[in-house]
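Peer 1: Each chain, written out:
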Amino acid sequence: MSGIDPVVLFFLLGVLAGALRSDLRLPGAIYEFVSIVLLLSIGLKGGIELARQPAEGLAVDIVAVVAMGFVLPLLAYPVLRWVGRLPRPDAASIAAHYGSVSVGTFAVAVAYCARLGIDYEKYAPLFVVLLEVPAILVGIVIAKGLSRDTHWGRLSHELFLGKSIVLLLGGLAIGWIAGPEGIVPLDALFFDLFKGILAIFLLEMGLIAARHLSDVLRHGVFLVAFGLVAPLAFAGIGSALGHALGLSTGGVLLLATLAGSASYIAAPAAMRTAVPEANPALSLTASLAITFPFNILVGIPLYHRLALWWTQGP
Amino acid sequence: MATHLRRLVTVVTEANLERSLVDDLEQLGARGWTITDARGRGARGRRTSGWEQDGNIRIEVVCDPELADKLVQHLRARYYDHYAMIVFLHDVEVLRPDKF
Chain A
1 MSGIDPVVLF
11 FLLGVLAGAL
21 RSDLRLPGAI
31 YEFVSIVLLL
41 SIGLKGGIEL
51 ARQPAEGLAV
61 DIVAVVAMGF
71 VLPLLAYPVL
81 RWVGRLPRPD
91 AASIAAHYGS
101 VSVGTFAVAV
111 AYCARLGIDY
121 EKYAPLFVVL
131 LEVPAILVGI
141 VIAKGLSRDT
151 HWGRLSHELF
161 LGKSIVLLLG
171 GLAIGWIAGP
181 EGIVPLDALF
191 FDLFKGILAI
201 FLLEMGLIAA
211 RHLSDVLRHG
221 VFLVAFGLVA
231 PLAFAGIGSA
241 LGHALGLSTG
251 GVLLLATLAG
261 SASYIAAPAA
271 MRTAVPEANP
281 ALSLTASLAI
291 TFPFNILVGI
301 PLYHRLALWW
311 TQGP
Chain B
1 MATHLRRLVT
11 VVTEANLERS
21 LVDDLEQLGA
31 RGWTITDARG
41 RGARGRRTSG
51 WEQDGNIRIE
61 VVCDPELADK
71 LVQHLRARYY
81 DHYAMIVFLH
91 DVEVLRPDKF
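Residue numbers (this note's numbering), protein chains in the order written: chain A, 1 to 314; chain B, 1 to 100.
Any given hint might turn out to be false.
[Said to hold, decoys possible] Each pair of labels, with its calculated beta carbon distance range:
{"id": "1", "chain 1": "B", "residue 1": "D81", "chain 2": "A", "residue 2": "S156", "range": "23 to 31 Å"}
{"id": "2", "chain 1": "A", "residue 1": "R21", "chain 2": "B", "residue 2": "L8", "range": "30 to 38 Å"}
{"id": "3", "chain 1": "A", "residue 1": "E181", "chain 2": "B", "residue 2": "L8", "range": "57 to 65 Å"}
{"id": "4", "chain 1": "A", "residue 1": "G153", "chain 2": "B", "residue 2": "L8", "range": "29 to 37 Å"}
{"id": "5", "chain 1": "A", "residue 1": "R88", "chain 2": "B", "residue 2": "A77", "range": "18 to 26 Å"}
{"id": "6", "chain 1": "A", "residue 1": "S22", "chain 2": "B", "residue 2": "D23", "range": "38 to 46 Å"}
{"id": "7", "chain 1": "A", "residue 1": "R21", "chain 2": "B", "residue 2": "L89", "range": "35 to 43 Å"}
{"id": "8", "chain 1": "B", "residue 1": "D69", "chain 2": "A", "residue 2": "L24", "range": "42 to 50 Å"}
{"id": "9", "chain 1": "B", "residue 1": "R39", "chain 2": "A", "residue 2": "S214", "range": "14 to 22 Å"}
[Said to hold, decoys possible] Far from chain A, by Cβ distances over 10 Å, these chain B residues were calculated:
{"id": "10", "residue": "H4"}
{"id": "11", "residue": "L28"}
{"id": "12", "residue": "T36"}
{"id": "13", "residue": "D64"}
{"id": "14", "residue": "E66"}
{"id": "15", "residue": "Y83"}
I should point out that these hints are in silico values taken from the structure, not numbers from a laboratory.
Note that the Cβ used here is the ideal one computed from N, Cα and C, for glycine as well.
So that you can see chain A by itself, here it is in the shape it has in the complex (with noise of 0.2 Å):
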């Protein structure tokens, strides 16, 4: 392995400088625009790899993977209400966060991939929007049943109009309709400065983590524990699936990242309408402090390494 990608070091800054009360503070309309970038550039390249070689038996993969989006969730459910005994909404809550995804650490991915030079499936954003909102759905049912309180209807308006899948399922789109030849005006925004994009993003996501940070040790252990056990466990179950669908190592090291990230933009913003009672601190925390941290500085290179273990064998 070729030593720390710079764009993680972009983290650490932030992180530091954060620590350390720096002024350094970008605006939220730059946080905006970055992440809007970052979606597009990730769509727009899967559309143009599909318009260049059209994915055989998707339609299993896009089972499997949703199927997957609703058990992470029931599988962390039992461990926070009953190992780390948290009242019932906020244990719904933060499952809902781990069950679904974060699209930073998928960037993060994809860059340590084109770094190291591995090739994967080119429709592994699809994955991305396909595993973000079932869990937050099985969250929201945990913790109301199907009431008739929760506005269902803008609730579901929301999750599937939500930014990312806009965004994501947008680029897919034009990606696939231009195809390669089309988008390359666009190469120059969108490619070529991805991980410059990237970079500043995952500054911005320091100084958001560094704020965090200083709750992380008054929400106690176990939370901490929960934070660095869940993403592997997860991982573990996403690179197994990804090896049960036949994925190259770079589609199960992406899966097994994907199913080890925690949301923290979607499942935040929909829990806190959805499910008010829920701290927002707590699984805000959790995933931004600590699950984000560890799975772009430890957590993508060990998946890599679990990747050719399924791949290529011990």
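Could you slot chain B onto chain A? The hints should help.
Peer 2: Okay, now just chain B, sitting in the frame of chain A:
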């Protein structure tokens, strides 16, 4: 110059709630409002508005005292328990009473 007395209701709360609050305002019959992004510090910690999960908004509604009352009751019943929210009221003078 003749002025008319109305109430100004100011709500400072989580940016997440904007859609839901706008629905409430429409249902209760408010005729206009102004929403601005905000940041600050309160009982639920620092709200820096650095990114989407961490922002506040300030909603201002100028209306007659009856609607102001209804609005405050509704907000207290529906949001006070679980959300970061403060509401305060002012008497204000307006020039065009038919507008508020």
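Peer 1: Each hint should be assessed against the structure and marked as holding or not.
Peer 2: Here is what the structure says about each hint:
1. For B:D81 and A:S156, the hinted distance range of 23 to 31 Å is satisfied, since their beta carbons lie about 25 Å from each other.
2. For the pair A:R21 and B:L8, the beta carbons lie near 36 Å from each other, so the given range of 30 to 38 Å is met.
3. Between A:E181 and B:L8 the beta carbon distance is about 58 Å. The supplied range of 57 to 65 Å therefore holds.
4. As the Cβ distance of A:G153 to B:L8 is approximately 33 Å, the hint placing it in 29 to 37 Å holds.
5. Our hint of 18 to 26 Å for A:R88 and B:A77 holds, since their Cβ atoms are close to 23 Å apart.
6. Evaluation of the 38 to 46 Å hint for A:S22 and B:D23 yields a pass: the beta carbon distance comes to about 40 Å.
7. Judged by the Cβ atoms, the range 35 to 43 Å given for A:R21 and B:L89 holds: they are separated by roughly 37 Å.
8. Under the hint 42 to 50 Å, the C-beta atoms of B:D69 and A:L24, about 45 Å apart, fit the expected range.
9. Checked against the hint of 14 to 22 Å, the pair B:R39 and A:S214 passes, with Cβ atoms roughly 18 Å apart.
10. Every CB of chain A lies more than 10 Å from the CB of B:H4, the least distance being 36 Å, so the non-interface label holds.
11. Even its closest Cβ contact with chain A, about 17 Å, leaves B:L28 beyond 10 Å, as expected for a residue assigned away from the interface.
12. Distance check on B:T36: its Cβ is at least 13 Å (rounded) from any Cβ of chain A, clearing the 10 Å threshold; non-interface status holds.
13. The Cβ of B:D64 lies farther than 10 Å from every Cβ of chain A, with a closest approach of about 29 Å, so its non-interface assignment holds.
14. With a closest Cβ-Cβ approach of about 27 Å to chain A, B:E66 is found to remain outside the 10 Å limit, as its non-interface label requires.
15. Non-interface status of B:Y83 relative to chain A is broken: a Cβ of that chain comes within 10 Å, the nearest being about 6 Å off.
Checked against the numbered hints listed earlier, the structure breaks hint 15 alone; every other hint is satisfied.
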